[in-house]
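> So the chains spell out like this:
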Amino acid sequence: MDSILQLNGIVKSYGRIRALKNVSFEVPAGAVFGILGPNGSGKTTLLSIILDVLKADQGQFFWFGESGGPEIRKKIGSLLETPNFYHYLSAIKNLRITRAISGRGTEEAINEVLQTVKLYDRRFSRFSSYSLGMKQRLAVGAALLGNPKVLVLDEPTNGLDPVGIAEIRSLILELRQKGHTIIMASHLLDEVEKICSHMAILNKGELITAGAVEEVLAGEDQVEISSADLDALAAAMTGFNEGAKPVRIGNSIQLSFPHGYANPEEINRYCFSRGIVLNHLMIRKKKLEAKFFELTQS
Amino acid sequence: MAQIVKTEWLKIKNYPAFWWVMGITALTYPGVNYMFHSVYVQITDKGNAPGKVVKILLGNPFSFPEAWRTVAYFSSLFVFIPAIVIIMLITNEYSYKTNRQNIIDGWSREQFMRAKLTDVALMSLIVTLLFTLVSLIIGLTNRNGTDFQVWPMSYYIGLFALQTFSQLSLAFLTGFLLRKSFFALSVFCFYFIILEPIAVNVLKYKFKSSLGEFFPLEISQRLLPKPAFFEKFDQAAYQATLDAIKYHVAYTILLCLITWGFCFWLNHRRDL
Chain A
1 MDSILQLNGI VKSYGRIRAL KNVSFEVPAG AVFGILGPNG SGKTTLLSII LDVLKADQGQ
61 FFWFGESGGP EIRKKIGSLL ETPNFYHYLS AIKNLRITRA ISGRGTEEAI NEVLQTVKLY
121 DRRFSRFSSY SLGMKQRLAV GAALLGNPKV LVLDEPTNGL DPVGIAEIRS LILELRQKGH
181 TIIMASHLLD EVEKICSHMA ILNKGELITA GAVEEVLAGE DQVEISSADL DALAAAMTGF
241 NEGAKPVRIG NSIQLSFPHG YANPEEINRY CFSRGIVLNH LMIRKKKLEA KFFELTQS
Chain B
1 MAQIVKTEWL KIKNYPAFWW VMGITALTYP GVNYMFHSVY VQITDKGNAP GKVVKILLGN
61 PFSFPEAWRT VAYFSSLFVF IPAIVIIMLI TNEYSYKTNR QNIIDGWSRE QFMRAKLTDV
121 ALMSLIVTLL FTLVSLIIGL TNRNGTDFQV WPMSYYIGLF ALQTFSQLSL AFLTGFLLRK
181 SFFALSVFCF YFIILEPIAV NVLKYKFKSS LGEFFPLEIS QRLLPKPAFF EKFDQAAYQA
241 TLDAIKYHVA YTILLCLITW GFCFWLNHRR DL
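For the record, the sequence lines run as chains A and B. Start counting the first sequence at 1; every next residue gets the next number (my numbering). Start counting the second sequence at 1; every next residue gets the next number (my numbering).
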């Protein structure tokens with residue numbers, strides 16, 4: 001797969017604070033690429049650099065195989081940090097400015113995106129009169145103007161109510177199906193797990209891991225088993241495999257194995273040979289939340 | 001370039017403060033000249049001996065071609081009014097963070113600065129047109145008989161435009177560096193109205209130094225000398241002021257180049 005964005009050794013410091021430390025990864029075409037990290041991990045700094053708002057101290061980045069520049073940015077719909085609009089102008093007039101600068105979209109396209117983000121009825125109201133959620137929706141609308149093939153969205157669901165969050169989520173999935181590439185920074189792990197195909201995790205400016213979501217989460221398989229006599233099952237499983245530490249969670253026992261080493265057939269046979277009949281056996285992928293804490297807390 | 005002008009116009013044309021300040025400027029320029037003109041008429045039209053002496057002494061500074069110089073001088077004292085809009089236009093970009101958004105949407109940093117240069121040039125053009133209109137009205141309504149020439153001193157239109165552009169550029173620089181509208185407006189008005197005039201006069205009269213001529217606003221202030229009747233007080237000094245205009249044209253152009261060169265350089269270097 002061709003890469004849309006390639007980062008090579010990006011370093012950025014604010015005085016003594018090193019915000020990004022030699023960050024490198026690639027975003028494949030057609031991916032929904034989530035950039036995860038706790039507050040202050042360098043997500044927004046990274047997006048600011050690839051959008052030319054900040055200058056990297058070291059390293060390079062390439063959009064579509066070329067060095068970044070104004071002409072390339074015009075092809076990318078972006079929402080960085082906060083919705084940035086002229087407060088005294090209406091939604092429609094603000095989007096005309098976006099259109100005049102980027103060259104994306106037409107007058108009809110402005111109305112279409114306003115309908116998409118459900119601001120059409122308030123299109124003549126001043127930006128300063130909007131709620132936080134409406135401002136955020138306008139910023140998403142500006143990014144969508146002209147149907148760009150690449151979108152950079154920094155916390156796109158910030159300030160939105162649950163309905164708004166669900167709408168943005170389905171919009172992103174719809175764009176993904178149409179072949180758009182979306183680079184999205186978020187600290188909402190559930191959000192990323194639901195919609196991203198790829199991800200990178202940053203912590204204190206360092207890239208902890210990057211790749212397809214399946215690969216990142218594939219570090220460990222967890223097997224959940226249960227039987228009528230849970231105590232007997234727990235006792236029996238202690239002798240099963242040294243690596244698979246049984247942990248009792250609620251009405252089940254959880255066993256962790258290195259990726260690819262969980263063998264449910266063998267577990268079932270082992271239990272049956274000890275006179276225990278399983279009434280529940282399931283392999284689980286590790287949840288993103290657990291993986292995230294494991295990577296960022298260590 | 002047309003795209004930059006169009007985009008800036010989209011920002012400006014719906015900005016209420018722009019129209020308010022334009023309205024105030026449109027009232028101030030004719031108003032202040034009308035006020036000085038009324039004072040002149042009141043003194044000279046009495047028909048008594050002191051009035052006749054004053055008329056002989058002052059001539060008619062509001063008739064053509066002298067009206068260009070007189071109106072230019074009085075109007076130039078109020079450049080701080082359009083400067084308010086220039087400062088607001090740049091500080092708005094920082095408070096709304098639209099300076100970042102313009103770059104994200106596809107302008108280069110250089111294009112952003114060219115857009116701001118367009119704002120200053122556009123404002124200078126509007127103010128100069130207003131000055132020209134006021135001068136024509138005042139000059140034509142103060143004709144000394146039918147034998148008069150309108151255009152001999154109309155080069156003051158160019159000098160007024162250059163001075164306005166230079167001083168508005170300094171207002172822009174203030175907003176560009178300080179970023180906060182209230183702070184930038186306070187600093188510029190304090191410097192324009194109080195600090196520099198005091199500093200220039202202290203240097204001139206107390207220390208007998210001509211260093212004040214090279215203060216940022218004074219450099220271009222000297223493009224527009226006081227009305228011609230000041231010649232009567234000190235002819236040699238007044239002639240020296242007129243002779244120095246051509247040098248101050250060069251200094252002012254140089255200052256404009258330095259101001260904008262610095263702004264372009266800094267905007268290219270710094271994080272947004």
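In case anyone wonders, no lab produced these hints; they're calculated from the structure. Any given hint could turn out to be false.
[Claimed, not checked] Lysine-lysine pairs mimicking DSS-like chemistry, simulated, CA-CA at most 27 angstroms apart: (1) K135/A x K232/B; (2) K180/B x K135/A; (3) K93/A x K180/B; (4) K55/A x K149/A.
> Which of the numbered hints above does this structure break?
1
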